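For the protein sequence lines, the chains are A and B, in the order given.
First residue of the first sequence: 3, per our numbering; consecutive thereafter.
First residue of the second sequence: 124, per our numbering; consecutive thereafter.
To be clear, the hints were calculated from the coordinates, so they are not data collected in a lab.
What you are looking at is a predicted structure, and each value in this text was computed from that prediction instead of being measured.
A portion of the hints provided could be inaccurate.
Stated by the list, open to error - For lysine to aspartate or glutamate, the following EDC-like pairs were computed, each having C-alpha atoms within a straight-line distance of at most 20 Å: (1) A:102 x A:115; (2) A:102 x B:213; (3) B:207 x B:126; (4) B:183 x A:105; (5) A:100 x B:213; (6) A:30 x A:105; (7) A:100 x A:111; (8) A:100 x A:115.
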Amino acid sequence: MSVLFYIGALLIVIGGICDLFGALGLLKFPNFYVRLHAATVGTIGGAVVPLFGVALLALGADFLPHRYAIAGASFITGIIVLLAAPAGAHALAYAAHKAKLVEWKPKVDHLKEVRE
Amino acid sequence: MLESTFMTLMKLIIPLYIAAFIIYAVRAFRGPTVVDIILAVDCLSFDVAAFMAILAVYFKSVYLVSGAIILALWAYLLDIYVAKYLVSREVGA
Chain A
3 MSVLFYIGAL LIVIGGICDL FGALGLLKFP NFYVRLHAAT VGTIGGAVVP
53 LFGVALLALG ADFLPHRYAI AGASFITGII VLLAAPAGAH ALAYAAHKAK
103 LVEWKPKVDH LKEVRE
Chain B
124 MLESTFMTLM KLIIPLYIAA FIIYAVRAFR GPTVVDIILA VDCLSFDVAA
174 FMAILAVYFK SVYLVSGAII LALWAYLLDI YVAKYLVSRE VGA
């Protein structure tokens, strides 16, 4: 059972490093559409991977009371974030393009060629 | 033995998450447009949800994880509502 604990601890460490890199990219990148890429690193790598890691770690931990409840709830939260974060980011990018909020100079703009 | 390993792990993990929260908050306060602020608040909410799941193991409490589920759903709701009102051009620039 302690194998699950160490796999979960490794996933939590990977998630923390991905979270810090995503935050640095969100601060340093120049444009909203480029910042969206760093935000994907920050949500999928920084929230989904530690949640699955907490699920495995709680399954392998013997010292924890209610460990099956913690493992199941964090696994469900990981699946919710895995489904909700790309859909929300896509809707936000579409809205920023439609409202013409961001100044940018693209080579091609397929979303503008489709309508109007 | 596993518990002391986990406490050593938390001394490594907590500064990483605190630094990420501070940097996300800087972008949320400095963001030039509405969508930058919404994106930073979104990332902050998902990461607070993950950190609450880690704290549930640290404090040995089940009740923190139920708050994490609500926080993840709330960030998605914020995205969808802001995108809806930006597309219909009722708010924003």
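Hint check, failures only:
3 and 4
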